[in-house]
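Peer 1: Here's the letter readout for the chains.
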Amino acid sequence: MSERRLYIDPSRCIGCNACVEACSECETHAGFSMIHLETIQRGDTVQTTPVVCMHCDDPACAAVCPADAIKRTPDGAVQTSLKPRCIGCSNCVFACPFGVPKYHAGYDQMMKCDLCYDRTSVGKKPMCATVCPSQAILYGTPEEIAQGRRGTPINEFVFGGTTVRTKVSLMMPHGTDRLDVKRSAIVRKSDLIQLARVQSE
Amino acid sequence: MSAGSQGFPARPRQTAMVAGLLVSLAVSLGIYFGSGRLARFDAPLAAYAVATVFAAFAVTYRYTVWIQRPPTWVFFQAGWRLFLRPYKLVRNVFRLARLLFDNIIAQKFIVERGKGRWLAHMSLAWGCLLAFAITFPLSWGWVQFGVGANGVDYAVEFMGVHLFSFPPDGALAFLFFNGLNISAVLVLTGVGIAMHRRLFDKGAQAVETFTNDFMPLFLLFAVSVTGLMITASYRLLEGANFSFISLLHAFTVIILLLWMPFGKLFHVIQRTAQLGVAYYKEEGVKGPQAVCARSGQEYQSQMHHDDLVRVMKAIDMDFGPHQDLSPQEKRRLIALNQAAAIDGVPYVG
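Protein chains in written order, with our numbering: chain A, 1 to 201; chain B, 202 to 550.
Keep in mind the hints are simulated off the structure, nothing from the lab.
Note that the coordinates shown come from a computational prediction; the quantities given were computed from them, not determined experimentally.
Hints are not guaranteed to be accurate.
Some chain A residues flagged as far from chain B (calculated, every beta-carbon gap over 10 Å) [as the list claims (entries may be wrong)]:
1. 123
2. 130
3. 133
4. 167
List of simulated lysine-lysine pairs, BS3-like, C-alpha gap at most 27 Å [stated by the list, open to error]:
5. 124(A) - 403(B)
6. 309(B) - 71(A)
7. 167(A) - 403(B)
8. 83(A) - 309(B)
9. 83(A) - 403(B)
10. 465(B) - 71(A)
11. 514(B) - 71(A)
12. 182(A) - 514(B)
13. 83(A) - 482(B)
Heads up, the beta-carbon is just placed ideally off N, CA and C, and yes, glycines get one too.
Bound conformation, chain B alone (with noise of 0.2 Å):
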């Protein structure tokens, strides 16, 4: 039975492929309106600019044809039907921004697994989304600096409009001056944390392979390295080999772009899901409940365990009425059918 025939999407690549353009295509025009038709576009960073957009076609077409998938699509539709319900909006923003909160900008889940972890992993993501807010409107033409009204300020400028003006001595100046120099500590702790568990763990090093846990933290680590070295090319050593380092760390960058929507990295956008779900698994909690066909005890909520079996229909994994029992009977169902199969002695041997 095909996927589309139940209900799930029937083309899932083809929507992928017309979404993933629409979104490099509203990137592309983002740039060329936003630098005010490439007038304060920044040459040099050109390079940085096209990877974005390369980047956005490439995460649009695999979160696409992602959430196509049936159990995704379960949860990617009812988690906006939820959320969406006019009724409960107001309740769920606010919800909304506690799961934020503690799911995305705390991370709270990831304490629970150790600390260090949880240390390695928000400096990591930190650190990254950082570098991200500030380079990505930099190489779009977006945000400029310019001189302020008394000649001496450094005034900000978004797409063209004046913002603020800060003295270039004060705090506010360091840290625009050294916001990726920050951001590039962040990642070099959190990768030397992660690094020491991936080395030195004996369970992290039974499952860890190189594509999905080492090549992220080089690729990291290299972006965090060469771009302490532009720093240090000009503030150490009077500029020695500043464009070939720059070079290098735009390479470097370009490649961590190119592969965010292919590796490990793309669970920064799979995350989201976690947050439909939590919407899910509430209502679920609130209605009526799945009675195993065995023990007559509540294991499921029905909305769940009815979404699960079109789901495993719909990929072909129809398990029938077994389907109705908890897992906890389904455990006991092997051993039960083991001594009902034992002629005699109730054993095996």
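Pulled out of the complex, with its shape left as it was, chain A reads as follows (with noise of 0.2 Å):
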């Protein structure tokens, strides 16, 4: 049996909240949910989209981090920040490329999602993968996406030009490799009806 990972399927969430909630519950972050569920184009798309830490294998977070508070572990999770070095300056949530790390002001520190290392490093699901219903956030192995998905997992993205890979996968259409965000994908509510017309007929 492989190694268990975490894949993401912004396409199957229902935008119910457990996540955020079950998030909150994590030891390492208490009282804090460090994922983020957003709304992707309120008016044109009910569509939702959970977002927690890709775990990229250089992350950006900790390179621009001035006090070398961003440290990753050897099997990948890239952590929150150390609280005695973070000195709130707010780098790391602007150069993330998947914008997740977020500021915490009554702090003065930068929190983030920690792939909830108290539970995966002994082998637990991440809470959010343990509640999530449709799941639009799954922690299995690479066998159980292939027997279970139609679709592909991918960790690598392209951001202007640079690659980034993660430890986090997200699920694509068959046959996708990588994906390269561009920031002119949009989805519309009137592209939408039209698909759903052309398949009925």
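Join the two chains, each given in its own frame, into one complex according to the hints.
Peer 2: Structure (structure tokens):
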């Protein structure tokens, strides 16, 4: 059995907020939810998406940190900022290409998803994956994904020509090997209605 | 692209080596002249003094390398530039006093994380600072105790200059004679609370490491306990094993001083950057704001945006126009790109 990994599929998200609530139960940041649940384009679509840290191989957040406060564990989990070091500058908040880190003004500290390291380091699922009813967030093996899903997991993203590899995977249509993130990608309600018409005919 | 070509320091290690040597030279000269060309230097404390000279070199070396990293350099430069503007200098000095009180003296941002943590940190921080304030001048031969004019009082001398005298049985005498014992009790209180958290808090257990989290507590514990043992030896045990205990204490203190530049305690030095960042953020709020290329909303100060782009280019992490998006739009964009890639049913499955 291969190692379990985290898979995100925004198209499955139903916006129930269970992950947001579960996230704040994590022992390493008890009381604070680190996951983001975003509406995508209100008015055009009801779609929502969960956003967790993608745990980059070469994390931008850590690279731009002036205080060396963000560390990556040997197994690839990018940790929340070290409390003694973080000086609350928010470089990481704005450098992360996925928009993940959160600045907590009361603590003057950045906090982020750490893959529920208290749980995943001892073989348990992250909190969000334990409660997601539609499996938009799934913690499982590549074999489980290959058996149960039509799409392909990818963990290579391109932002403005720079490639970012991540520990967490995004589900994409079959045959995709990387996602070149384009600013212009927009799904409109009218497009979806048109699509539904075509399919019902 | 090398960092040097972007307006960032080109040879950080050489600069740091020079800075480290200069500071350790300054400490050595300070010891030499401050102790009246070693006339007042306390020879049994020589090992401590040598350790402080080494620590001065290593702390300065690490600090100088650290501030020259592109992201740190931006805040270091900008913090000083904003602080030293002539027409704002007076206001900035008052603001600094306030920031020093809130962040360094009262450590208010730690209260928010928990009262126990704050108490532990305050005890550790003030215990250590008090002990350093007492021992550094003593081991450098800067402070000496003599006999007062009346032949009974203790006289305090700083670099050979008589400062004041106090009677040997007053409250002041008690504080002077027990200063290090008080600091040891403070440190042990902090170590106890911190160790309890390290042992029983599941969140802390998940991410703590021996070198980063237990080692400093063990070292501080060893220094404090051996220090108290010295007092116990001459007060309660008629000096039993005194020389061995003082040697053991010296050993633990020297290990602490030598380890300080490399381990967790270096955050004491790094913390000062929080002050510069406070000025930077204040200035950012007042100035023009960067507008997100997708949402049209303001999300970050233009100054921070431009500085960050410069830093990211210098460290080969150029995300191009993606950097002109607010964090929220970046989060939405992944789902939008997924949706756009789906051909047919808007569902990956």
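Peer 1: Take the hints in turn and mark each one as holding or not.
Peer 2: For each hint, the structure was consulted:
Every C-beta of chain B lies more than 10 Å from that of residue 123(A), the closest at about 13 Å, which supports listing it as non-interface. With a least CB separation of 16 Å from chain B, residue 130(A) remains clear of the 10 Å interface cut-off, as annotated. With a cut of 10 Å on Cβ distances, residue 133(A) stays outside the contact zone with chain B, its closest approach being about 16 Å. Residue 167(A), annotated as away from the interface, keeps every beta carbon of chain B farther than 10 Å; the closest lies near 15 Å.
Restraint check: the Cα-Cα separation between residue 124(A) and residue 403(B) comes to about 14 Å, which is no more than 27 Å; the hinted pair holds. Restraint check for residue 309(B) and residue 71(A): the C-alpha separation of about 25 Å stays at or below 27 Å, so the hint holds. The suggested pairing of residue 167(A) with residue 403(B) holds, with an alpha-carbon distance near 24 Å, which does not exceed 27 Å. For the proposed pair residue 83(A) and residue 309(B), the alpha carbon gap of about 14 Å is at most 27 Å, so the pair holds.
Note on residue 83(A) and residue 403(B): the hinted pairing holds, with a Cα-Cα distance of about 16 Å set against a maximum of 27 Å. With a C-alpha separation of about 14 Å, the suggested pairing of residue 465(B) with residue 71(A) holds against the 27 Å cut-off. Taken as a hint, the residue 514(B) and residue 71(A) pair is honoured in the structure, with Cα atoms around 21 Å apart against an allowance of 27 Å. A distance of roughly 20 Å separates the Cα atoms of residue 182(A) and residue 514(B); the hinted pair therefore holds under the 27 Å criterion.
Between residue 83(A) and residue 482(B), the direct Cα distance comes to roughly 19 Å. Compliance with the 27 Å bound is thereby established for this hinted pair.
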